[in-house]
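S.K.: Here are the chains, one letter per residue:
There are 2 protein chains.
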Amino acid sequence: MSSISVLGEDEVSSFFESSPPLKNMEEIVHKLNGFIQLNSTGGRRIVCVTSGGTTVPLEQRCVRYIDNFSSGNRGAASTENFVKAGYAVIFLFRRGTCQPYCRSLPDDPFLECFQFPDNTNIRVHASHAEAVKMAVMDQQAAVAEARLLKLPFTTIYEYLQMLRLIATAMKDVGPCSMFYLAAAVSDFYVPWKSMVEHKIESGSGPLDIRLAQVPKMLSILRTNWAPKAFCISFKLETDSKILIEKATKALQKYKVHAVVANELSTRKEEVVVVSSSGNVVVRCNSEKPESIVEDNLIRLIVDRHSTYIKEFGT
Amino acid sequence: MSSISVLGEDEVSSFFESSPPLKNMEEIVHKLNGFIQLNSTGGRRIVCVTSGGTTVPLEQRCVRYIDNFSSGNRGAASTENFVKAGYAVIFLFRRGTCQPYCRSLPDDPFLECFQFPDNTNIRVHASHAEAVKMAVMDQQAAVAEARLLKLPFTTIYEYLQMLRLIATAMKDVGPCSMFYLAAAVSDFYVPWKSMVEHKIESGSGPLDIRLAQVPKMLSILRTNWAPKAFCISFKLETDSKILIEKATKALQKYKVHAVVANELSTRKEEVVVVSSSGNVVVRCNSEKPESIVEDNLIRLIVDRHSTYIKEFGT
Chain A
847 MSSISVLGED
857 EVSSFFESSP
867 PLKNMEEIVH
877 KLNGFIQLNS
887 TGGRRIVCVT
897 SGGTTVPLEQ
907 RCVRYIDNFS
917 SGNRGAASTE
927 NFVKAGYAVI
937 FLFRRGTCQP
947 YCRSLPDDPF
957 LECFQFPDNT
967 NIRVHASHAE
977 AVKMAVMDQQ
987 AAVAEARLLK
997 LPFTTIYEYL
1007 QMLRLIATAM
1017 KDVGPCSMFY
1027 LAAAVSDFYV
1037 PWKSMVEHKI
1047 ESGSGPLDIR
1057 LAQVPKMLSI
1067 LRTNWAPKAF
1077 CISFKLETDS
1087 KILIEKATKA
1097 LQKYKVHAVV
1107 ANELSTRKEE
1117 VVVVSSSGNV
1127 VVRCNSEKPE
1137 SIVEDNLIRL
1147 IVDRHSTYIK
1157 EFGT
Chain B
847 MSSISVLGED
857 EVSSFFESSP
867 PLKNMEEIVH
877 KLNGFIQLNS
887 TGGRRIVCVT
897 SGGTTVPLEQ
907 RCVRYIDNFS
917 SGNRGAASTE
927 NFVKAGYAVI
937 FLFRRGTCQP
947 YCRSLPDDPF
957 LECFQFPDNT
967 NIRVHASHAE
977 AVKMAVMDQQ
987 AAVAEARLLK
997 LPFTTIYEYL
1007 QMLRLIATAM
1017 KDVGPCSMFY
1027 LAAAVSDFYV
1037 PWKSMVEHKI
1047 ESGSGPLDIR
1057 LAQVPKMLSI
1067 LRTNWAPKAF
1077 CISFKLETDS
1087 KILIEKATKA
1097 LQKYKVHAVV
1107 ANELSTRKEE
1117 VVVVSSSGNV
1127 VVRCNSEKPE
1137 SIVEDNLIRL
1147 IVDRHSTYIK
1157 EFGT
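These protein sequences, in sequence, are chains A and B.
Residues in the first sequence are numbered consecutively from 847, following the working numbering.
Residues in the second sequence are numbered consecutively from 847, following the working numbering.
No lab work stands behind these hints, which were simulated from the structure alone.
Each hint should be verified, as a subset may be incorrect.
No copy labels: a pair is met if it fits in one copy or bridges any two.
[Stated by the list, open to error] Here are the simulated DSS-like pairs of lysine-lysine, each with C-alpha atoms no more than 25 Å apart in a straight line:
1. K1101 <-> K996
2. K1114 <-> K1092
3. K1114 <-> K869
4. K1134 <-> K1114
5. K1087 <-> K1039
6. K1099 <-> K979
7. K1039 <-> K869
8. K1101 <-> K877
9. K1039 <-> K1074
10. K930 <-> K1114
11. K1017 <-> K996
12. K1087 <-> K996
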């Protein structure tokens, strides 16, 4: 029984048992199985990229919730690079966050990108031509070729149930599968059963909230759900002094293959890949202005994955 | 001094003094003054529509925050109707929420609306032609004719500072100005100065958070910031049994001209306009499938505003 308590399986089971069930589970499973079968038959590697923050409702009929800041930019940029490197990507993303191939669009694309010069033909402003072409052509091509499957979530309950579905469906892909867990997952939540049904009244005085810890699913993912998959997790801190230490601890605790350590204020310029073979600093190419840190990060991760696949059979 | 304590002016001052200052205040003021001058010179009525939920950061270098659920659909639909009724609209909206003229677009417009048949010309799929035309032509026309000014916010600090700026800038518009406060504003927050700087560590055990009440700005808006403006506030509840009672209390307490009462589960079909002249139930037109509740709601509000303007001088 000792291994069970180490993994926290009891907590995990009770988390899932008390979660509100996914509304469209059959549709998700159907899409997933089709996508995985098509790609694994062709021998293609498959990565699940998670992206954006999860919400934690404070009321069952939810008006208020706790959220994690995450634009989804890392996950979107990484997805594009994985597709370019030949992978099929399951993009598990928070609704409303940054989408692959859409990072160069302005904040308000319908106000800024287009015009209707003669009431029938739409035209793209020259300044946004490349961005729109990428968002439409490259994205549609990736989806049409079954290289990209987009699955949205909002709450921590949806996220963890969908991650479990994906991991289970990917089991047979073995070492050719990867989890690249860039989503900002809530550490604390209000258990569904102890949550008030109605909107909390704003009567008088302060409001006290007690939040429980979300069980760490990473151990279960590694041990039970998808033990053969290559697994990358992320660690974000605002204090650079504790970042590498915390990433190293996460590497050991969850037995993932690498932890990408990033600090909030410099995360777009630099990350550190922490693994048992040492720490590697990854930056964008300073000579190329359009270069992003994910270009070099995904190159490194893909190399590591190749080594992992090669060594797996031996 | 008694009137000061009734209004809670002390709390309001200390809220603003401790708020992190707006980053682009000069730019906002410049845009606002231009927009208001242009429209008020022409004798046009001006409404400030607030839309979407405000966030409350839990850390100064914010990773986690509390948010209020709000799609922004009500504010966006109301904005379109106000423009149609001849108003100039200052749309104070939460970043990422529903935009005016964009409500009919699909969730993932760049994946679904367009195609590039020959690599140079973009085309809109017939099924989305009307939605895209509205998002581009109607929206651009409203902005170009200075009938729509869009100002984004994220946090409660940004929202309340911007609302004060707008109210102050609108003061001279007098009874021809309106506040239509559809945004879901946080009731509770962590005062900036008592907030931790770094990300809260997810060590062991539960997390306890104490939230203070956000001072009610509605009294100050009515009494100090824009006393001559016509003012509509909103009350959302999940429990229909307490809805009308709470809306009526808000009407009396904040001395607004009407409170739009809506229940979370039926808010798209029906609202109740609560005012000193009685309660009016407003629904969408059941014969017209494309009819929305805001069509009739704004018609009623505009009529009430006309009466208010007429009676103001007498």
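S.K.: Indicate, hint by hint, whether the structure satisfies it.
M.R.: Each hint tested on the structure:
1. For a Cα distance limit of 25 Å, the shortest separation of K1101 from K996 qualifies neither inside one copy, at 27 Å, nor across copies, at 48 Å.
2. Only within a single protomer do K1114 and K1092 lie at most 25 Å apart by alpha-carbon distance; the minimum there is 20 Å, versus 47 Å between protomers.
3. For a Cα distance limit of 25 Å, the shortest separation of K1114 from K869 across copies, 21 Å, qualifies, whereas the shortest one inside one copy, 35 Å, does not.
4. Taking the shortest Cα distances, K1134 and K1114 sit within 25 Å of each other inside one copy (14 Å), while across copies they are farther apart (50 Å).
5. For the identical chains of this complex, K1087 and K1039 are inter-copy neighbours only, at 23 Å across copies versus 38 Å inside a copy, given an alpha-carbon limit of 25 Å.
6. Proximity of K1099 to K979 under the C-alpha cut-off of 25 Å is found in neither arrangement, the shortest distances being 44 Å within a copy and 53 Å between copies.
7. Taking CA atoms no more than 25 Å apart as the test, K1039 paired with K869 passes inside one copy only; the shortest distance there is 18 Å, against 41 Å between copies.
8. In this assembly of identical chains, K1101 and K877 lie within 25 Å of each other by CA distance neither inside one copy nor across copies; the values are 30 Å within and 53 Å between.
9. In the homo-oligomer, the alpha carbons of K1039 and K1074 never lie at most 25 Å apart, since the shortest distance is 34 Å inside one protomer and 48 Å across protomers.
10. For the identical chains of this complex, K930 and K1114 are intra-copy neighbours only, at 20 Å inside a copy versus 43 Å across copies, given an alpha-carbon limit of 25 Å.
11. Proximity of K1017 to K996 under the C-alpha cut-off of 25 Å is restricted to the intra-copy arrangement: shortest distance 19 Å within a copy versus 48 Å between copies.
12. In the homo-oligomer, the alpha carbons of K1087 and K996 never lie at most 25 Å apart, since the shortest distance is 36 Å inside one protomer and 40 Å across protomers.
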